[in-house]
Each structure stands twice: as C-alpha cells, then as structure tokens.
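Just need the whole structure built from these sequences, with the hints factored in.
In order, the protein sequence lines correspond to chains L, B, F, G and C.
Just so we're aligned: 106 in my numbering is position 80 of the first sequence, and the numbers increase by one with no gaps anywhere.
Just so we're aligned: 104 in my numbering is position 78 of the second sequence, and the numbers increase by one with no gaps anywhere.
Just so we're aligned: 479 in my numbering is position 332 of the third sequence, and the numbers increase by one with no gaps anywhere.
Just so we're aligned: 805 in my numbering is position 12 of the fourth sequence, and the numbers increase by one with no gaps anywhere.
Just so we're aligned: 347 in my numbering is position 342 of the fifth sequence, and the numbers increase by one with no gaps anywhere.
Since no wrong hints were added, every one of them can be taken at face value.
Using 30 Å as the maximum straight-line C-alpha spacing, the simulated BS3-like pairs for lysine-lysine come out as follows:
(1) B:Lys145 to L:Lys145
(2) L:Lys145 to L:Lys113
(3) L:Lys170 to L:Lys191
(4) L:Lys69 to B:Lys145
(5) L:Lys145 to L:Lys69
(6) C:Lys354 to L:Lys113
(7) B:Lys151 to F:Lys485
(8) C:Lys108 to G:Lys826
(9) L:Lys129 to L:Lys113
(10) L:Lys69 to L:Lys293
(11) L:Lys151 to B:Lys69
(12) C:Lys183 to G:Lys1025
(13) L:Lys183 to L:Lys145
(14) B:Lys183 to B:Lys151
(15) F:Lys415 to B:Lys113
(16) L:Lys129 to L:Lys69
(17) L:Lys113 to C:Lys272
(18) F:Lys485 to B:Lys145
(19) L:Lys170 to L:Lys183
(20) L:Lys145 to F:Lys485
(21) B:Lys69 to B:Lys145
(22) G:Lys826 to G:Lys1096
(23) F:Lys485 to B:Lys183
Far from chain L by the CB rule (all over 12 Å, computed), these chain C residues:
(24) Leu45
(25) Ala59
(26) Arg63
(27) Pro91
(28) Gln124
(29) Ala140
(30) Arg188
(31) Leu249
(32) Leu254
(33) Leu371
(34) Asn425
(35) Gly447
Quick caveat, the hints were computed from the structure, so don't treat them as lab data.
We put the beta carbon where it would ideally sit given N, CA and C, even for glycine.
Read off the chains here:
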Amino acid sequence: MDVLAGKVKVTQKTLDQTMNPAELMDHPIRLTARDVTVHYGAKQALHGISIDIPDRAVTAFIGPSGCGKSTFLRCINRMNDTIEGAKVGGRIELDGQDIYDPKLDVVELRARIGMVFQKPNPFPKSIYDNVAYGPRIHGLARNKADLDEIVVSSLRKAGLFEEVKDRLSEPGTGLSGGQQQRLCIARAIAVGPEVILMDEPCSALDPIATAIIEELIDELRENYTIVIVTHSMQQAARVSQKTAFFHLGNLIEQGDTEDIFTNPVNKQTQDYIMGRIG
Amino acid sequence: MDVLAGKVKVTQKTLDQTMNPAELMDHPIRLTARDVTVHYGAKQALHGISIDIPDRAVTAFIGPSGCGKSTFLRCINRMNDTIEGAKVGGRIELDGQDIYDPKLDVVELRARIGMVFQKPNPFPKSIYDNVAYGPRIHGLARNKADLDEIVVSSLRKAGLFEEVKDRLSEPGTGLSGGQQQRLCIARAIAVGPEVILMDEPCSALDPIATAIIEELIDELRENYTIVIVTHSMQQAARVSQKTAFFHLGNLIEQGDTEDIFTNPVNKQTQDYIMGRIG
Amino acid sequence: MNTLILAAALLILLGVAYQSGWSKGRSLVAANGVTVHSRPQYHGAYVALWAMIPALVVLALWGLFGGGIRHDYIVSLIPVDILTALDQSGLNLTIGRIEALASGYGVVGEVQPWEQAAGDALRSFQFLTFAAVLILALVSGAGALFYARSRITARQRSRNAVERVVGVVLLICSAVAILTTVGIVASLVTEALRFFSFINPLDFFFGTVWAPNNAGTGGHYGQYGLLPLLAGTLMITAIAMLVAVPVGLMSAIYLNQYADRRVRGVAKPLIEILAGIPTIVFGFFALVTIGPFLRDAGAAIGLDIKATSALTAGVVMGIMIIPFVSSLSDDILNQVPKTLRDGAYGLGATQSETIRNVLLPAALPGIVGAFLLAVSRAIGETMIVVLAAGNSPVLRGNPFEPVSTITVSIVNQLTGDTDFTGPQSLVGFALGLTLFVITLCLNIFALFIVRRFREQYE
Amino acid sequence: QSRDTIQVAGSSTVLPFASIVAEEFSAVFPEFKTPVVGSGGTGGGLSQFCAGVGDNTIDIANASRQIREGEVEACTAAGVTDIREIQFGFDGIVFASAASGPDFALTPLQVYKAIAAQVVVDGELVDNPYTTWDQIDASLPAQPIMLAIPASNHGTREVFQERVVSAGFEEAGAPEGLSEEELEAAETTYRQDVVIEISGDYTETLARLNSDANTVGVFGLSFYEQNTDTLKVASVDGVVPSKETVAAGEYPVSRPLFFYVKGQHIGVIPGIEEYVQFFLSEGVAGEGGILEAAGLIPQPAEKTAEVLAAFEAGAAQ
Amino acid sequence: MATDTVKSAAPEAASRTNLVRDSLRRRHFNERLFRALGLLAICVALGFVTLLFADVFRKGIPAFTQTNLHVAVTFDPEVIDVGPAPTSDQFTSEAEYNAASLKWQRDLALLNWNTIVEQALRAAAPAGTEIDARALLSIPETNARHVLREMYVKDPSLLGQTVEVDLLGSANTDNWVKGNIDRTLGDAQQQLSAEARALIDTFEADGTISTGFAWAIFTNVDSRSAPASAGLLGAFVGTLWMMLIVVVLAVPIGVAAAIYLEEFAPKSRITDLIEVNINNLAAVPSIVFGLLGAAVFINWFHLPISAPLVGGLVLTLMTLPTIIIATRGALMGVSPALRQAALGMGASKTQMVFHHVLPVTFPSILTATILGIAHALGETAPLLLIGMKAFVASVPATPLDQATALPVQIYLWQGNENRNFFEPRTAAAIMVLLAVMIFLNGAAIYLRSRLEKRA
Ligand SMILES: Nc1ncnc2c1ncn2[C@@H]1O[C@H](COP(=O)(O)OP(=O)(O)OP(=O)(O)O)[C@@H](O)[C@H]1O
Ligand SMILES: Nc1ncnc2c1ncn2[C@@H]1O[C@H](COP(=O)(O)OP(=O)(O)OP(=O)(O)O)[C@@H](O)[C@H]1O
Ligand SMILES: [Mg+2]
Ligand SMILES: [Mg+2]
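Rendered as structure tokens:
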C-alpha cells in the first residue's frame, strides 16, 4: 500500500543521513541521569529515569503526550525549580558534576545548558537585544565590539544572519515563526552553552521552517550536545542519533535511533511507533 | 520494515470494518455545499468549499490544524452566526433547502442539525436535565412521561443509560470525560436531529473512552447523517465512509475513505497522510 | 537642614561604595576573564548595601534614643533649685522654652539668664551630637565598605546577595498591606474599647434608640442603639441593589452577549464613566436634583416622599453601583466557558434561552459574589448618604422618610460639637469597627464564592 | 524649627467668623501667614487642642460652648495647662418656617408642649395629645406640629434644650412626686413622631422645610439672615430675633461663642497674641465690625475689654 | 434498504419539526423581550450618565460668569494718610527697613478703605441717588478694599490719582443680576435693600456692572468674607500634593508588593492570608481608612492636622490594594513563555522580573495607577475625619502645610448658607473635578492603547 510505501521512503532517507552506530560510540557521555523521579505535588510524573546522553550528538525523546518528555528535559537544566510544587529526586550529572548540588548556582548551570522551547518566545525587544541579552547578564562581552561580534556570530550559527542583518534593531517578535525559533536558538547559542535542550522546537512551525530548523540542528550537533523532544517520529528519525522512548513517566527503551525505529524491543515502543497508542 | 508493517495492519483492519463503496452509493445526498467561503474579519478561512454529504453515513473531515475543518463544520448548522465578524458566502442545502435562507429559522435548523464539541460540555445541571433541556425548549414532550421516555431512550442510544440510570439527578459535570461526551451526544440526540456534527469528539478523551465513542458513532450511523472532524487519520479511517481532506482553507480531495487513504490523488493529501505535513 | 545634610552624606557614601565595588568587580573581570560570578554592577550594589547598613543602624539608634538623651541633657541644664520646684507640666513648659530659645525663636515674657545659657548650651549640644552621629555613621559605613570590598573575589556571589536584599525589600512592601489591616483593627479596637467602658456593648448592639446626649445636658450619656443606623444602612443598601442589580446585570448581559463591537466600544466606557465619578458628586446630584424630583413625583401620585430620604440616597447609590455590578458581571460572564454557550446554541436554544438557562446558572455563584461585593460597597458608602439620606436616626420602615446610616453617624459624631472624651465621639470608632466587621465578613464570603467560581472553570 | 502658621479648629458655628478673621488678619499682618481654620466640631477641635503641646497640635480651639471639666482634665493630662478662654460674641438661635406659611409667635412653654413626649396636664404627666399648633394655643396657626431641631452632635442643641425646652418645662410646673430621674426624663424626652432631629447642617434643616412646608426649623440667626428669601422667622416671647435684640439680651435663645488659646504656644508660634487682639478689636468683633456683617452678634464692649484683659494677664504670668 | 429507513423516519422528523415550529413564535417573542430589556438597561444606565452631566452642567455653567463693577477709583490722600512707603536707603540695616515696611503695610491695612470704595461708587451712581453707605457697600464684594489696598502697596505712586478698576460684584449682586433671586419678594425677604437693588439695575443698564468670565474660580483661594472671590486654587494644589504623595508611595510599594506576591512568595497559608487580606482591603469602606488615619497618623504619630501629607498617606493606603491587585493581574497575564525564555537564558528570577516581565506589564500598571489615582482624587469621606474639612485661605507650599482638597471643597461649598450663590459655584467646582477625572481616565485609556500597540 502506498501510505506505507511513502513512509518507508521517508524513514530510509532520514536514516541514511545519520551517522553509523560505530561513529556514535566515539562520543563520550556528557550527561548522565540516574533514577530521576519528579513529583508535581502528589502526582508522580517521572518514575526513575536513567539515561546517558552523548556529547556532540542529537538525542531525541519521543513518547505519547503527557508521558513526561518535557518534564525530564526540564530536569536537565533545572527549569523544574521554577515550577511550584515540582520535586525532583535522583541524580543528574553534567560532566560528572551533580547539577542538583545545593552549592551549585543554577543561573550558572543554565548558562551552560541552553534551552529552546516549543513556541518561539523571543523577548519583546529588538533582534539585537534578544541575542545580546544573555552575554550581557553573564558579562561575556567586555565592550560593545565584543558584544556585536557575539551577536553576529550567534545569528550566523543559527543561520539567521543573512535574513535579518539589515533590521537588527527591529523587534524580534516581528519575524516569522521559523525565524523567531532560529532567533531563539541564536539567543541560546550566544551564551556559549555546552548543551542545548529543545522541547518540540518545530511543533509550531510550518513544514518549510521545520526543515530549515532540522538542518540547523544537524549542523549544530558538531559543536553541541543536543537533546530534543519531539512528537513526530519522523522528525526523531530524521535528526537524532540516539532516541529514548517514554511512556507514562517511564523510560521504556533507549538506544541508537536506527535500532529503536527498525527494531524496537519493547512491545509498547512497537505499539507507539506503529500508531497504536498516542 | 516493521514500522510500516504495523501501519498496514492497522489500516487494513479499520478499512475492513467499513462498508464497501458500492453500498455507499445507495445513500442519497443529504447536504450539499457549493462554493462556501468564510471570512473572519479580513482573514479568509475557507476558499470555496463544495462537497456532498451522504445520508446515514459518516463523513470525516481531516487536515492539518487551522485548515478550516471546524469552520466548515460550523457553517453547516450556522454556528458561525454566533461568532463576531464571521461572514459566510456560498450556498449550503439540507434536503434541497438553503440553510442560509433569511426566512429560515436558525433555531429550527439547529434542532435538525445537532452538534457535539471537542471538549465535553455538559451544562452544569443534572444528567436528566442535560438531556431534557433540548426537548423542553423545543416543546417536544407533551408531559413528564413523554420527557422521561425521550431522556431514557436518548441515553440508551448514546450507550450511557446503564451507567447513569441510578444517578440521573446528579450533576452531569461529575461524570468522567468519556461519559460526559456520551452525555453530550445523548443531549444532541434527544432533540431528534437528522444530522449530527462532531468536532473532534474524542480529542480530549483517553483511548478507552475513544474506542467506546467510535463504536457509538458506528451505531448511530444507521439513523443519522454524521459529519466528524478529526485530527487522527487512524480515527478517520476507522469510523468514516467518506473523507474530505482540507488544507489551508481549501478542500483538497474528497471521496470514499478507503480511496483517500490508500490512493490519494493529490500530492498534498499524500504528504499529509504520510506525515510530511502537519 | 540637618536632614538634608544627612541625606546628602548618605548618598555620597552610597555612591562611593558602589563605585569602589564596581571597580573591583571590573578589575576581576579584566584579570580572570569570564569566570567571575557576578557582574561589576552587582559587586557595586553589594558593597553599597554593606556600607549603608551600619550607617543606617547608627542613625536608627540615634533616632530611638537620641530624643531621650537630649531630654536628659536639657533637664541637666536646668538649675537644680528650679528643677525641684517644677511639676511635670511646668517641666514641659520649661523645656519648651529652652528649645524655643535654642531654635532661635523668641519666647513670651522675660528670659531668665539661666534660660538663655541653657538655650545656648542646647544649641551647641545639638550641633555637636549631630556632627558626632554623622561622623560615626560615615566611619562605620566606610568600615563596612572596606570589609565588603575585601570580600569581592571571582567566586563571590554578589548577585545572589543583592537579590536576597531586593527580595526582602519586596517582602517588606507587601507587608504594608498587612500592617494596614493591623493598623485598622488596632486603632478601631482600642478606641471602641474606650467607648464600651462607657456604654454596655449590649445596649449598643441591640439598642433601638439612637439618642446620644451631651454629658452636659442632663448628666447622662444618652442612648447609643445601633439598630436604627443598621436598619437605615440596610434599607438604603436594599434600595440601591434594587436599582443596580437589574440595570447592571441586564446591561452586562446585553453588552456581553448582544451588542456588536461598536456599540460595546461606546457604551462600555460611557457606563464606566459612572464608576469614575466621585461620590461627592453623586451626593450633590442626589441632594439638588434627584431628591426634589422624587419629592415632586411622589406628590404627583399622592405619595409623601421627603427630598432627602432613604429612597433618594438608595436610588443614587444604586446608580453609582451600576457600573460596579455590570463590570463584575461582565467579567464573570466572560469566564463562563464558551463551549457551554455553544452547547446550548447547538441544541437550537435561542440566545435568551442560552443566557437564562445556561449562562446565568453557570455564572450564578460568581454573580452572587459580585453582588455581595456591591452590597459591601453600598454599606460603606459615605458621601451620598451624608448629603442625601436625611440624617434621621430613627427606627422606621418607610423608605420615603429620612434615615441615618452607620457611615453618616461616624462623620457626624466625629466632626460635630461633641465631647471628645466621652462616648459621643468615641462611638464613631465603635461604629467604624462594626462597619469594618460587617464589610469584612461580606467581602471574605464574596471573594470566597468568586474564587470558587473561578476555580470551577479553570 | 517651629511651625509658622497658626492652627485653629473646632466648632462649625464659629468657623465662618474665625475664617473671616483669618483672612483679614493676614492682610493686616503681612508678616504672619494666614491662620488655618479647621472645622471638626467643638469636641473635635478641643480634642486636637488637648492632644498636647507642640508643633503638631493646634493653637486655638473654636467652641460654641464652654469647655467641659472632663476636657480640661484631658488637656491637663496631656500637658496643656495654660488654657485661655476668649468669649467674643453671641449666636442667636431662631425658629423659622417657610416664607409662604403663616407667622409664628412662640413661647418656650408652647415649644415644650409641642415637643415633649409627655406633657403636664392638671399636674399629671400624660402622653402628648397635641397634633396642631392651635391646640396648644389658639393664637398659633392651625397647622400640624412638625419641628426640625438640631441633633445632639450640635452645640445648638444644648442651648435649645436649656433656653427653650427646660424653660418651658419649668413654666409648665413640674408635677409632684416624681423622682429626680423621672423629672429629667420628662424634661429631655422628645416625641418621635413630630420631632425631626437633624445631625447634618442647617442646609439639611432647610431641605426639610422645603419638603414639608409645615415644618418649623431651628437655625442659627446668621443662616436665617442669608436665606430670608425662603424663610420666615418666629418671635419668641414676643421678641423678634435680630442682632439688636440678641445683643441687648432681650431675645432669650442665644449662646455665647468662644475660642480657647493654648497659652504655651504663645511666643512660640508667631502671631497668636496678635490674632487674639485683632479678633477682639472693635473693627472686627465689635459693633459695626466685619464679623457683625457676617452674622455675629457682638457682645458689649466692656465684656470684650474684660476678656482681653484676662487674656493678657494670662500672657504676662 | 437504506433508502427505506430514510423514508420511514421522514414523517417522524417532520412531526418533530412541526412541534418545534409551534413554539417558535412564543420563543422568539421572549427573545425580543429579553433583548429589549437589556437595551433598556443600557439606556437607563446611559440615561443616568447623561442626566447627571446635563444637570451638573446646567447648574454649573452660570457660575463661570461673574458680575464685575467697573468703576473709577480715586486714591484720596485724605483717607490714605499714612505717609509714603519707606525705602531701603532710609535705613541702615535690613531689619529696620523690614520692620518699617511692615509697619507701613499694617497702617495701610488699618485704614478704612471702604471709604474709597464708597466714594468711587457714589461717583459712578447717577446724580441725586440717595443710598446709605451700608447699602452701597453691599454692591461690591467685601474684598474690594483689599484689592485697592494691594494695588496701593504695590504702587504707592497712585496716591491722589484716579484709576479705572474692576471690582467683583458681591454674591448678592451676582444673584440679583443673574436672576437667581425672586425679584417679586418683599423688602424683608431680600438680602439687598431696595435702594441697592435699584442702583444695581441702573449700573447694569449703564454698563458699570457687566458679567465676565469668573477667573476667580481658578486663581483665588477659598474665601468666607468675600464669597464672590472664592476659588479653587488652594484646594486644587492641596489635591495635587496628595496625588503626588500617592504616586510616590503607592506605586512603588504597590508594584513591589505585587511582584513579591506574584513572583517570589512561596504559595503558603501566609501568602493566602495576605492575598485575602489585600482583596479585602480593596473593599474596605473608605471611611474606615479615615478612622485609621485619625487614630494612627494624627493621634499616634502626631502628624500635622489638615496636611496633604496625612491625606496622601491615607489615600495611599486606600489605593495600595487596588494597585497591587491590578499589577498582580498584569503579572499573571504575562505569558509563561517569556519567563521560561528568560530563565532558560540563565537569568536569575530577579533579572527575569525586572528585565522582562515588568517592562511588558508596564502599560497595565500605568493604567491601573492612573485609575487608582483618579479614584483617590475623588475620595472625600476619609479626608473629613483627618481634619481636611478646614477653611484654608492659602495655597499650600509644602505637603506639611494645611490644605483642603477639591472634593472636600465641594462638600464645604454645598453646605454654605449663601445657597443661591454657592449652589452654582459647587456645580462649577464639580465640573472642574469631573474634568480632571475625565482627563485622567482618558489619559489612561489613551496610554494603554498606545503602549499596547507599541508592545
Ligand atoms: N506544572 C505541572 N503541574 C502538574 N502536573 C504537570 C505539570 N507539568 C506537567 N505535568 C504532568 O506531568 C505529566 C508529564 O507532563 P509533560 O509535560 O512532561 O509531558 P510531555 O511528554 O511533554 O507531553 P506533551 O507531548 O503533551 O508535551 C503529565 O501528566 C502532566 O499532566
Ligand atoms: N473566531 C475566529 N476568529 C478569527 N479567526 C478564526 C476564528 N476561528 C478560527 N479562525 C481561523 O480560521 C482558520 C481555520 O480555523 P479552524 O478552527 O476552522 O481550523 P481547524 O481545521 O478546525 O483546526 P484545528 O484542527 O486546530 O481545530 C484558522 O486560521 C483560525 O486561526
Ligand atoms: Mg511537552
Ligand atoms: Mg477545529
């Protein structure tokens, strides 16, 4: 049947783009999570998640709605601290350092682990100020020239510079959705993070913008550790090297993207990938 | 590949349940729309939709978010009248009668065309009163016994009676989501409509409740003309006999469900069904 | 003058401290690159805060104890033989004279040489203490400045420290609201207790006659029955609600459900103008226009309506409350989910059926809450009733007659020719307390209902 | 540094006079600021006056009655020991009715009979039987009894009670065999049906007259004089109230007006002494002075001299 | 087979449709009735607005004109016999000069300037007019003598000269000219004597008396002795001082409190309590705040009576809850996306609030503030209890000086015994107050729409 024929093509095409597993093996582990649990008030949203996330690769979290993907992502840069009633248990380490160490300054942590959200959320400021904001508060630029330099290079890395170079002082909210999302990525890059977390970064975008962002992610992977949450299995297949499948607050299965999609071990994973749940 | 193998099975299973196309041919056309356009203020949401909807069958509208499915559905019982700034053009006929005829009483029309919404919306009244409300305002029951009769039979048709018969006087808002949705269906049925419109009736429900409602729709089809909007292609495949695919305010393709899913003519339809857009 | 010097000195200290912290932070950046925890501005603010604290403590201590020290010093200036001859008020008077001399103002009568000497001594004492305090504050501030500056390192979390202080300042600001309530309760209760030392609370709360008496006439205090005032208050409130609720609710419904955007855009601000009109204006309007009009209208149909009466005040108060009711109802109606409305339309209900059978029942708790808030408002309204209710504290049920209310009596008793030591004016506070408690209960109840309503649809 | 504005507060009856003096004072003494004259009633004024000595307490309290013992005690307790009383004139209290209605010539006895809850008939106290004025006395108009009198938060009320009702009660002859308390009750209890107690100001009383033409209201003489177009005054004991008759002591219902000066502030707050002297000067509070034009009834010059002497004696002590 | 069921169901559907149709007329009638009631309610509400404004304007507009006397005044040296003004070169020291100058002014003040006024009026009257001095002096306002004296103090060279001067007509003259007084009333019921009335009519006919715009309302302070010269300047400035205090205190404290409660406070019993407490405070009757002010600020803290400072503090406490609630509402409305964006960048919470959230809510806070101030501006009852019901004939130079406020001035004027004159004056004062209110509200609406558009 053609529906499925089409599908095959898509998946194969995307899988072709990814590295081969052997390549991935070289990448050292950047982030490790052990037995991470999250409670929202009385409700437990995550039940003991343990995962290793490799450096300079894209790790995708997939799973049906409400399974805890975003929750886990938010644990990684402690954005859950900002949610009232959220309690995080277990241990997450970034380069061997416990990120829930009370002595650690969470602001510093977030400068190291950038985040891009589902809906593009540029600040209601100019494009320039959007990107410059992070370097400013973190004191990354010694002078205006420094700052200009950071802004331009970040916009360039996010593939946005050419499109906006003539209107850096116009409000960032005036850009199209896809441009806004790239602006947000540029903003995150400007702080010079080591890890970038993305929570369904394309779900509010049209297919063309989505394609551009996916391409961008693929480029960024060379310099950053990237974790992406997505509800589109095709997207996961297209951009990630590692995939983790969540269901009802549990991490059901994780592994190389190709393995997960072509040969899921777990019954639930199979069901999900085949569209039987979610 | 297994992903695709799974998909085949699902689709085939659902298609097996549907009538064969020949059967569908017998069904007379109940509703015809010609060149329907809708503007919300300056924004055009629908660009000339023409479609025929057969009696006693389920017609599904699918398409990516924001493509105008709900908008068109609301045209059919003139719910767009209640939206400020909405302007409807073109012609829609129910049994040959123009429903936008200024002489036509929209109250009467809505009694003939029932509607079920995305989020279950029982009135903050008792279960009994929820169902009895329509018959009461329309004066369909001559006495209390009549009314009781209507309420019970509607609840029965909606497959809810057994579950709630002991607590008819309790508030309808106290039921579970799936029960609430069935209550809304019972409420719609109680007025004795000829057509029932459903706008993503299961999108707020869990899979089990969804299955029950899908079954119910399949039963109701014997007595009503049903139009359903859904964002789940699987659901469309499972419950409908006819499918119409919308994209960016246009009706791209329509036809028997099986044809659409297995053999889409249009490129956009293909893309959508294969998950390349939306 | 002194205050100005103090303020200037503190400002300078602040500026210097900030600058020194900032420059140290800055030099760290230059030396260490990006690993400095906080930005120089935060280091500056950190040092500035450190410098201000001891300076302010010194000043606060002086503010607390300085008066006493000064007082003792002045007393010590008075020759012992004179001092022993003085009673308390004489002492106050003498101190006052010496202070007046020191401040350069003349005093009445002959100035004794010792008074003049004391005045001069006091003046130099004041100068010296002021200088001492100022220097002490600056020195301690500077000490703290150096200490704080020495703590600045690359890992020093100045930002966190400064932000904690900001947090505390914010907390203190929000405590003002609590303090206000405490202040209200404390002041009302203290004075009301004094009132109840004259008048039995039972006679106050359950008395049916309001006839305060000057202690001078007849020697007794008169009667302080609350009930006539309460009855008047409630009657006016009831009339006001009879006017405001139908008009306010129906206009809210019309604007919310029927009116198109243009009509709403014009009518809503116009009605809201009513809400912005000061109550004194309504009072005047009631007094010179509505009152005489009602009287004439009553006469025309054979009713004896007084120009200033419960009816006049009630009607005008009702007018005043219309926008309050309508905008609250409008909010509440907006909060009823649109899906409910759609549900009813989808069944073929007409618009008014939808509103009456679905929207209003769903919004009922919220609307009741809004009405209770309006009631609380009507009960506490003062100027309209002062001008238009007729000030007649008699227990009667005729709305065409003048009445008096709790608020009116507060104004009358506290601004009239009453004996301030006696219950006649103290009763104002007892009335205020009663009013506060009544409105408090209404408000809390109403807010509770409204909140429950909101949660229901969230 | 002391405050340099004299602060005055108190009786609303004295308020207009004091404010006129304040205005004129600053014109005559350009070196002083215009004194501020607050209202707040006699009690309110005295309460501020007795709050203590110092910048943030007032210097002068206007009073339409004499200070009470309790108030003096409160003053003393707060350190206000040097209180100097200045009596500067009289206020006439008149009965007035709608200008369009009949004339009234009242006596205290008639008013007492109209107003008391119980009246003496044949040496016995009985419930007040009168409904129209002519039932009380044939010389009075045949008009329903309706009286608007000041409520007890007004200083005027006291004068009304003493000079009119109590006088009438005495004249009526107290019945035998009543206890002190019962007597007092008979003297001070008014009937509720025809008596309207006004706690607001005279405009309120006037509004009552306008709404019910049968009402007889109690006003200050100056208020009446400003509203002769709508009001008609009643004579009491055959004497028509006017400045002349009040000043001459012929018209019975009048009261002296006072203000109290805080001796301790003299010399500290500039201008207090001058203010008092100016207030009592011939051109201000005297006959033909500016206050007379504003409705004050001047007191005899000798009395004024006496008051001033006492004040200055206090100042020299 | 399918077609069969359609056919068999059709009659049933048709009968149901008929049933529905039967009730439709009644239902549509109810619909129209309900709608008409709603419209009626709107009309009633708007009718009240119109009525109130029309009424106030009808009453107030005449008060914006005032009768003036245009007369030639001679500064008669016989009356003004105090000698020339001292000049500074006559004296060795500044102090001596000041003392002499003050003495000169006091001497001038003690002169009977009314004689000069009287002479001027007699000169203006047609020959042979018989009128006594008292009746004659009742025509101009009593401040005429001050006006002349001040002219003279300013320019002592006027001695012996005759100049044209505009004097205010007295309140009674004004009433007579404007017809506020029933002219048919007898002498006994008139404020002005028959001769004075006749003379006024003559003056009006020959143009000595004319009516002009009543600048006094805006340029003068309140007056008792000369009602016609009473104005709002003092009250206006008093109000301005209070508003300034409210702005300076209520806005920062209110915004800070709202920020704390909305952004920093942990959700706990205590925050709940504060929340209930603030909501309640917003609904506490204003007069209770007056009692608070009287007891706390005046009795305990001994702040000066009748001072805008105290009024401002009371109004601040009263406005605070409104500002807190509005600001919290605005903060609550800021999308979580913005907060997340900031936090995700590594901004601290404080930075998030002050760099991002607050700027976005600025329009709402501004609007709420203006509306809160507009409300405080019209508040009367609490001010009565803290002694602002005073007669103040000067413009307060600092917030510690005694003052009244606009609404209190209205309250004082409406109770004035000279009702024929003060009723229009009160209405005029109300017009001024309403103008300020409408200006503030309009500004709020304008600013909101502008700032929101920009954002
Ligand atoms: N702030 C919160 N308070 C309480 N419960 C929450 C909160 N955020 C998420 N949850 C709950 O935690 C569970 C996991 O939510 P989460 O947002 O992580 O899911 P998700 O996998 O990201 O879903 P989606 O695909 O819809 O974004 C859900 O059941 C959700 O209802
Ligand atoms: N009330 C309205 N006012 C203005 N625009 C509207 C309104 N309702 C819908 N639209 C716009 O009309 C277009 C079609 O909307 P519609 O709700 O019909 O889409 P849909 O296909 O039902 O999408 P979904 O799957 O998200 O429900 C969208 O672009 C939407 O933004
Ligand atoms: Mg998510
Ligand atoms: Mg939809």
